[in-house]
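**Q** Protein chains in written order, with my numbering: chain A, 1 to 419; chain B, 1 to 406; chain C, 1 to 278.
A couple of the hints might just be wrong.
[To be verified] The calculated lysine-lysine pairs, modelled on DSS-like cross-linking and capped at a C-alpha distance of 30 Å, are:
1) A:Lys10 to B:Lys210
2) B:Lys305 to A:Lys10
3) B:Lys289 to A:Lys15
4) C:Lys144 to B:Lys106
5) A:Lys413 to B:Lys209
[As the list claims (entries may be wrong)] So these bits of chain A aren't anywhere near chain C, every CB distance computed over 10 Å:
6) Lys15
7) Asn114
8) Gln127
9) Asn178
10) Phe214
11) Phe234
12) Ala293
13) Ser301
14) Ile302
15) Glu304
16) Leu307
17) Ser312
18) Gln315
Don't read these hints as lab results, they were simulated from the structure.
For clarity, every value in this text was computed on a predicted model and none was experimentally measured.
We put the beta carbon where it would ideally sit given N, CA and C, even for glycine.
Residues per chain are reported as follows:
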Amino acid sequence: MNNLKSRLAKEKRFKAYGIISIITALTLLTILFVSIFSQGYTAFQETRIQLPVYFDQEILDPNKTSDWDNIKKANFNGLVKQSLRNLFPEVSGRSNKRKLYKIVSSSAEYQIRNIVNNDLSIIGSKQNIWVLADDDVDMLIKGNINRNLPENERRIDDQELMWIEYLESENLIKKVFNKTLFTSGDSSESEQSGILVALLGSFYALLITLALSFPIGIATAVYLEEFAPKDNKFVDFIEVNINNLAAVPSIIFGLLGLAIFLNFFEMPRSAPLVGGMVLSLMTLPRIIIPARAALKSVPPSIREGALGLGASNVQAVFNHVLPIATPGMLTGTIIGMAQALGESAPLLIIGMVAFIVDVPQGFTDPATALPVQIYLWADTPERGFVERTAAVIMVLLIFLILMNSLAIYLRKKFEKNIT
Amino acid sequence: MNITIILITLVLLAASSYYVGLKKSISIQKSDKLHSAPIYHGSLLAIYSLIVSLLFILIWHLFENYLYPEFSLSRNLIFFLSLLVFLITALSVFLKIEKNFRAREKVENIIEIFLLICSTVAILITIGILLSVIFEATRFFSMVPITDFLFGTHWSPQIPIREDQVGSSGAFGAIPLFTGTFLIAFIAMIIAGPIGLMSAIYMSEYATKKTRDIIKPLTEILAGIPTVVYGFFAVIVVAPFIRSSGEYFGLNIASESALAAGLVMGIMIIPFVSSISDDVINAVPQNLKDGSLGVGATKSETILKVIIPAALPGIIGGLLLAISRAIGETMIVVMAAGMSANLTANPLEAVTTVTVQILVLLVGDQEFDSPKTLAAFALGLVLFFMTLILNYVALNIVRKYREQYE
Amino acid sequence: MFDNEELIKETKSQALNSETVGDIHVDDPRIIAKNINVFYGDKPAINNASIDIGKNEVLAMIGPSGCGKSTFLRCLNRMNDTIDTCRVEGELFLDNENILDKKTDVVSLRAKVGMVFQKPNPFPKSIYDNVAYGPKIHGMAKNKIELDEIVFKSLDKAGLFEEVKDRLDAPGTSISGGQQQRLCIARTIAVSPEVILMDEPCSALDPIATAKIEELIYDLKKNFTIVIVTHAMQQAARVSQRTAYFHLGNLVEVGPTSKIFTTPQHKLTESYITGRFG
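With the rest of the complex left out, here is chain A:
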C-alpha cells in the first residue's frame, strides 16, 4: 500500500507542475499587461497651463494693417514670454527667466499664433489661454517625478517646483484629455508628439494588404480546395510553397521588398504602399490556410445537392459553398490582418522607420506604422516618451483585441452554420 501512496503523491506532484505552468504563463501575461498599463495610462492626459495673454497690438501688428500675411511674421514667442513674465512678475535675471520660459511647451507660440489667425479681432484684448506644459512639468504633475527627492536627483529644481505649486494653488494648471497624442505626428519634444502619422501609415498599409492578399488568398484557397486536380505535381508544389511561406521569418519578406520593390521597381521608400505590399506577401499564406480549412468543413452534401440540381461545379462553389464558408474565411483573414498590424521588422527594412512630422496624404507619402512607432519611441530614454510608448501599445492592443473579438464572433457564427 506504501507503493500506492507514493504513486498517488507523484500524481499530485505532476498535476501541480501543470497548474504551476499555467499560472506562470498567466502571471507573465498579467505582469506584461499591468506594467504596460501602469506606464501608459497617464499618457492619455496632458498638462496645460493657463497664461494671461495680452494680444499686444504693438507686438503683433504695430502698423495696424490687419493683414494676416503681415501679422504671421510677428514675434509670437515674445508674446508667450511676456505672458509668463506677467504671471510671475517677481522673476528676474536671465537664467531664471530662461528657466521660467521652459515651463511651457515650445508649441505654445504656435497655439497663440493659430488663435490670432482664426480671429484677428482678438488683437488688443487680454485672454486667458490654456497652453501645453513642458514635458518635465507634465511628468511632475502626473506624479512621475517625485517631489520629495533631493533637488539634484530630479529634473525639476526647487524654483520651478515653487512656480508649479503656485500655479496649482491658483488652479492655473490642469490635466485634460491628450488630444495632441492623436492629432500630431512625431516630434522631438515628447509633449508635442503624436501617433497620427503611425495610425494613418498602419491604416493605409493595411488597406493595401487587404486589397492584395484577401482576393488572391481566397482565390487560391478556392482553387486548391474546389478545382485543383488531385495528385497533381504542380498543385502539390503550390501547397508546399504556401506551407513554407507561412513559416518564413517576417524579416525575409522585408529583404524581398527592399531588393525587388524598392531597388528593382524603384518604388518610394518609407511609403505605406510598399509596406502594405510586403505585409500582404506575409499575410497571404495566413489567409489561405484557414480559408482552405473553412472550405473543407462545408458539408459535401451541400455541394452534392447543388450538383444534383444541375448546377455546374463553379455554380455550386460560388452559390453555395462560398457563402457558407465566408464567415470562416473572414475569421482567418481578420486574424491575418491583426498579425500584419502588429508586424514591424519588414517595415523597418523598407524604411518606414523615419522621423516623420507631416501627416501622410496618400499611399506614397512617407509614414511609419504603430508597431514601428513603438520601436522608435522605446529607444528614447526620456520619461515622456516611455509613457507615450506604452500608450501606443495600448492603442495597438485595443485594435488587436477588437479585431480578434470580431474574428471569434465570426468563428462562432461559422461553427453554427456548418452544423
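Starting from the structure of chain A, add chains B and C where the hints point.
**A** Below, chains B and C without anything else, positioned relative to chain A:
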C-alpha cells in the same frame, strides 16, 4: 492618350457588349432552349473581349520597349488598335452565340484559369525571396569569401573610412551571430518548452471544460501580442529586473543581455508550444489512454508512460517549429539583446543575432555596392535556409505522426 | 500455381452468375443501361449491369448494403464524376444520347435527371430560395411572377405548400426532417426533370414522414420517371412497379415488383426477400 482613359473606354465597351450578348441570347431563348443562361453569353462577350484587348496592350507595351525603341508609336494609335482588337473579338464571339453555344462552360473556364493564376502567386513569392536573397548574397560572396563568412569568428561590418580608424576592420565572420542566435533560442526553449508542454498536458488531460474555455482564449491573447510589445516589455521590465537581481548577487549584468531577450522570447513562444502540443496530445487515440487507465495506472503514469511516448514525434516536431520561430524573431532581440557581436556562451552578456544584424545593416544605409549592405542579404540567405530546413523536417515529423493515428 | 487457377475458375463462375435473371427490357424505355461496369480505383463496384428504365414507372433498387445499388443510381446522372477514383464503363442512353460520353454536358444532364439524397440537404437559405435556385441557374423564369409560379407549383407538388406557405422566408434548415426532404424533392421538381433519382430518401426519417414521402412518390410517377434505392423491402413493395435486386455488384434479378416479392427466381433474391441476409 492616358492609360486610364483607355481602360475606362474598354470597360464601358465591355459593359455594352455584355448588354448586346444578353439581348441576342434572350431573343434566341424566345424560340429555342438555350444551352447556357443569357447572362453567360453576355459575360463571355464582355470578359473575353476585355482580356484579349488588355493582353494586346500589354504585349504591345513589352515589344515597344524591347524590340523597336526607335519605332515608338503614339499612344493614340495604341488606343485605336486596342479598341479595334476589342471590337473584332467581340464580333467573333457575338457571331458564335446560338442555342447550343456553351457560353457557361467558357466563362467557367476563364474563372478557373483566373483562380489558377492567383494560386501561383505563392510560387512567385518564393521565387522573389530566392532571387532577391541569392542575387545580392552572390555579390557579397564575390567580395568576401564564403568560408570567411561562415567560419570567421570576428564580426565587425563597419568598413573603415580612414586607414587608422578604430574598431572598423570590416570583418564578416558570422559565427558570433550564429552562436548568439542559438544561445537566445536555447534560453527561450528552456522557458517555453516545459511551461508550454506542461500547460498543454494539464489543459488536455486534467482541466475541466470550464477552465479550458477560460484559459485557452487567454493563452491565445498571449499569442496575438505583437513582438515589438514583448520587446518593450523586455526593455522596461525584464532587463532592469535581471540587472537589479544581478546586483543583489554581486553580478554586473549589462542592460542588454542574452538572458533578458531569451526570457521574453520564451514567454512569446509559450502559447505556440502549448497549442501544438495540445493538438499532438489530442491526436493520441483514446483507446491507448483507456488501456493504460484500465490496468490501474494513475493519470500521470498514463501521461508519462503512454501518452508522451506515443506523442513524442509530434512534440519534437512542434518544438522544432518553435525553435525556427525563435531564430527568425527580430523585434525582441533587436530591442533587448544588443548589437555587439560577442562570441560567448554567457547568457549575462550582450550578444547579437542574425536578424538583428540584418536590420542594423540595412536601416539607414542604402549603398547597394558596399559589402556591409550586401552582408545583410547573405545573412538573410542563411536565415531563410535555416528556417526552411527546420520547418521542413518538423512538418514532416508532425505529418508522419498524424498519419500514424488516422 | 494451383491456388491461382482455383481463383480464376471462381472468378469466372461468378462472372457467369452475373447474368441477370428476369426481363431487363421494357416497351417504352426512358433510360437504357448497357453493360455498366464501375470501378473505385482497381476495385470493381458494379459488374456488367444492363437494364431499361421505363417511362413514368417507379423502379426500386434493393439489395444488401455495399451491393452497388447507390453506385448504379449515381451513374444515371453522373454524380460519380465527383469521386476522383471512380471510373464508369459501358453505355447509358437517355433520349438516344449516351450520357457516359465525355462530351455530354453533365450540367444539362443533371437538370434532366434530378437527384434526392439520403440525408435531407437543404441549402442554408430560405425555403423559397431553395426551390428557386434551380430555375434561376437554368434561366427557366423570365421574371419574378414566373419564378413564383414555379416555386409554388413545385412546393405544391411536393405536398409542402400548405405547410410552409406562411414562412417561405424561413431558412430551409428550420423545418422538420420530413419537411426538409420534401423541400429537397420540391427543389428537384422545380427544374422539371424527366427522371428523379432517390437515394434512400427515407432512411433518415420517422415512419410518419416516410409515409408522406411514399405517398408523394406515388403521385409523382404520373409526371416523372423515378428510380429509388431503398433498403426497406416493404417500401419497395409499396411504391414501385418494377424492382431490381443487386448483390455484390451484380444485377441479379429484375422484374415486376409483385413478382420479385412473391416468386423470386434467383436463389440470392429469395434469400434476401425472406430475410436470410440484409
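**Q** Quick check for students: does the CB of A:Asn114 sit more than 10 Å from each CB in chain C?
**A** holds, 57 Å
**Q** Is the claim that A:Ser301 lies outside the interface with chain C correct, judged by CB distances over 10 Å?
**A** Given that some Cβ of chain C is not farther than 10 Å from that of A:Ser301, nearest at about 4 Å, it is violated.
**Q** With 10 Å as the threshold, tell me whether A:Glu304 passes as away from chain C on beta-carbon distances.
**A** For A:Glu304, whose nearest Cβ neighbour in chain C is about 6 Å away, the distance does not exceed 10 Å, so it is violated.
**Q** Hey, A:Lys413 versus B:Lys209, does the alpha-carbon distance stay inside 30 Å?
**A** holds, 21 Å
**Q** Determine whether the non-interface label on A:Phe214 survives the test: each CB of chain C must be over 10 Å from its CB.
**A** holds, 23 Å
**Q** Run the C-beta distances from A:Leu307 to all of chain C and say if the shortest one exceeds 10 Å.
**A** It is violated; A:Leu307 is separated from chain C by about 6 Å at its closest Cβ, not greater than 10 Å.
**Q** Over 10 Å to the closest beta carbon of chain C is the bar; see if A:Ser312 clears it.
**A** Non-interface label on A:Ser312 violated, nearest chain C Cβ at 5 Å vs cutoff 10 Å.
**Q** Is the nearest CB of chain C more than 10 Å from the CB of A:Ala293?
**A** holds, 19 Å
**Q** Just double-check A:Lys15 for me: nearest Cβ-Cβ distance to chain C has to come out over 10 Å.
**A** holds, 43 Å
**Q** Check the hint pairing A:Lys10 with B:Lys210 against an upper bound of 30 Å on the C-alpha distance.
**A** It holds: about 25 Å lies between the C-alpha atoms, which stays within 30 Å.
**Q** With 10 Å as the threshold, tell me whether A:Phe234 passes as away from chain C on beta-carbon distances.
**A** holds, 16 Å
**Q** Are the Cα positions of C:Lys144 and B:Lys106 separated by 30 Å at most?
**A** holds, 28 Å
Going through the hint list in order, the structure does not satisfy hints 13, 14, 15, 16, 17 and 18.
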